Structure formats: C-alpha cells, structure tokens
Amino acid sequence: MLEFIIAAIFVAPFAVPCLLYGLSAWRGRRRKWALQEPAAMIFTKRNVLPLQIGVAGALMVLGVPALTSTLMGAEVADDLWFWTVIVAFPVLMYTHFWWPDVALPAWYKAWLRRGGVTVDDQGHEHAAPLWGPDEPRPDKER
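Oh and the sequence shown: position 38 is 38 in this note's numbering, straight run, nothing missing.
Think of the hints as simulated: they come from the structure by calculation, not from any bench.
Please read these numbers as outputs of a predicted model, since none were measured by experiment.
Treat each hint with caution, since some may be false.
[Stated by the list, open to error] Taking lysine-lysine and the DSSO-like style, the derived pairs with C-alpha atoms no more than 27 Å apart in a straight line are:
#, residue 1, residue 2
1, Lys-45, Lys-109
2, Lys-45, Lys-32
3, Lys-109, Lys-32
Please put together the full structure from these sequences, using the hints given.
Here's what the structure looks like:
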C-alpha cells in the first residue's frame, strides 16, 4: 500500500491539474479556447488543446499501477510498463493529430451546430456565441 501512495504522490502533481483543466473544458466552464486556432505543433482541425491536456492527465493516472509495481519490485513491472506504454502513448499521439467529432463535448457540438467559426468572402472570421440561448452562462469565465 505504501508503494501505491508513493506512486500517487509522484503522479498527482502532474495528473491532477491536467485532469481538472480538461474536465473544466469538457464541462464547458471555460469555452473561449474553442475560438482560438490550434496551437503550434498541434495538427487537429480545431483547437482541442484543453481536452488533449485532460487526456494526458488521464493517461498519467494509468501509469500509477506500473509505477507501483516497480516500487514494489514485482516481476510483472516490466509487463505493466510495456502495456501501459503500448496503450497510452498511441492514444496521446493520435489525439495530437486527430480528435474525432464524436469525442467532442456536447456544448462544443451545439456551438458547431450554431455556426462555430466561419470565414466570409472578405476573409473576416465570424464566431457564433459560445453559449446557446437556453444555456446558463457563468458569471465570469476564467
């Protein structure tokens, strides 16, 4: 049990902020990021960086059992690391290049149905409102 606690202490300072940031984006508390272009070196067609950060946090949590087994000196530690990396690394890399529309939050899909960001004939961008008429808007978006 002590090994699990130590592993969690190593992972938590990195994973928890990523998970909270991703959850905040998923739930729609923060939405301004949807208006921005994808960050440099991110190859998705839309800006989904906060969601990608949340996925990275979730994948860090997947490493806790492997780290725990390593700290315990278990014989299966190498196998756990192998399978954790085989599962986690490709998922993280795929989200870097491709984010399926089905994996977008409901509020984001509704925003896209309202128009999302469009460009007119003169090259000016127009964005639909991030909050729909029936959605409660937070007092202040952080």
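Consistency of the hints with the structure:
1. Taking the CA atoms of Lys-45 and Lys-109, the gap is about 14 Å. The hint holds against a cut of 27 Å.
2. Between Lys-45 and Lys-32 the CA atoms are separated by roughly 17 Å; this keeps the pair inside 27 Å, and the hint holds.
3. Proposed proximity of Lys-109 and Lys-32 is supported: the alpha carbons are some 15 Å apart, at most 27 Å.
When each numbered hint is compared with the structure, no violation occurs for any of them.
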